[in-house]
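Participant: Sequence:
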Amino acid sequence: MKLNWYLPVLLSAGLLACSQSVANSTAASKTAANAAPAAADHKPGFEQYVAGLKKEATERGYPAALVKQVFANLQHYKSAVVADKKQPEFVETLDTYLPKRISKQRITLARKFYKEHQTELASIGKKYGVQPRFIMALWALESSFGKVMGNYSVPSALATLAYDGRREAFFRKEFFLALDILAAGHVSLPEMKGSWAGAMGQSQFMPSAFMAYAQDGDGDGHINIWQSRMDAWASMANYLKTEGWDQSLTWGRQVRLPAEFDLGLVIPKGSKDRAQWLQWWAQSERSLAEWQALGVRTTAGGALPKRDIRAALVMPDDEHGRVYLAYSNYQTLMHWNRSYYFVTSVGYLADLIISED
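Numbered per mature numbering (1 follows the signal peptide of the UniProt record, and there is no 0), the sequence shown spans residues -23 to -1, 1 to 334.
Mixed in with the good hints there might be a few duds.
What the hints assert, rightly or not - For lysine to aspartate or glutamate, the following EDC-like pairs were computed, each having C-alpha atoms within a straight-line distance of at most 20 Å:
#1 124 to 145
#2 20 to 36
#3 31 to 220
#4 55 to 145
#5 20 to 145
#6 150 to 61
By construction, these hints were calculated from the structure, which means they are not laboratory data.
Make the full structure from the sequences, and use the hints.
Facilitator: Rendered as structure tokens:
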């Protein structure tokens, strides 16, 4: 799971007139200094906030034993708040991102596990209509084949971020959905570990995604995306299927543009939400025949496939970077994580899993 929740801060010059006196500046500074602690004092402590969560949990009718266990173990994770607010230290490009995400070791392991678990993967792929290589790619990239799931207590991480307040409504809702999962007996509290943001298990689902898509892949009557890879694989496949995956298609293809190409046909970057991104997608989408007529070619310079497929044009690094024709499955992967880099890494790894090179 990748979170892109930051906005640029614009600073303007000339905030103080040259004629402003030193005395006025000093007075203003003192006023601001005195006001800041007073404002901070109005925010309740974490313990007081948790008491409110506990009261609500009781009112919602959660079992008393569960409420007692969860709230006796809640803790504030300062590191989660730091991670949530941390700004990127440098600008990534696909040329720097892909080698880190798709290392030679990861490719080797993905191919190895793909062959070893072919029977189980094929069964899940057939049931949900998703090519097994994409299930394997997501498993590899989200949790490093189920080995890296995070060590944060999910209820504590969610309570921490709800208390922090930047997205209180979102994380508060996720907190109570986590209690729903515990109440249903799918996982024990000590096992309910995840990322600093509350993404859980081998599929790195938020509690809301668990409730919407999680599946009992091994048929034991529980959905344990932490311990059962079959549950995790089935859940990931069900996510893709539910959000419109088409197993007759791949994810997209890298292409070459002609000189003087109209870049207005490319999906813009910086969408505020998925709805806006889908609107931009609709404006870019054309048939492969139409893209062929506009001069778009394969990376080798050849003609595009003569198939009745519609695609939109994506340029993650603008006109100086790679260019892709994205198929409808690209939309589905962007629902999973609205990041061009993430989707590209999934697609590339899925392709490499079945390549002979």
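Participant: Hints first: check each against the structure and report whether it holds.
Facilitator: Hint check:
no. : hint       : result
1   : 124 to 145 : violated, 30 Å
2   : 20 to 36   : violated, 24 Å
3   : 31 to 220  : violated, 34 Å
4   : 55 to 145  : holds, 16 Å
5   : 20 to 145  : holds, 13 Å
6   : 150 to 61  : holds, 17 Å
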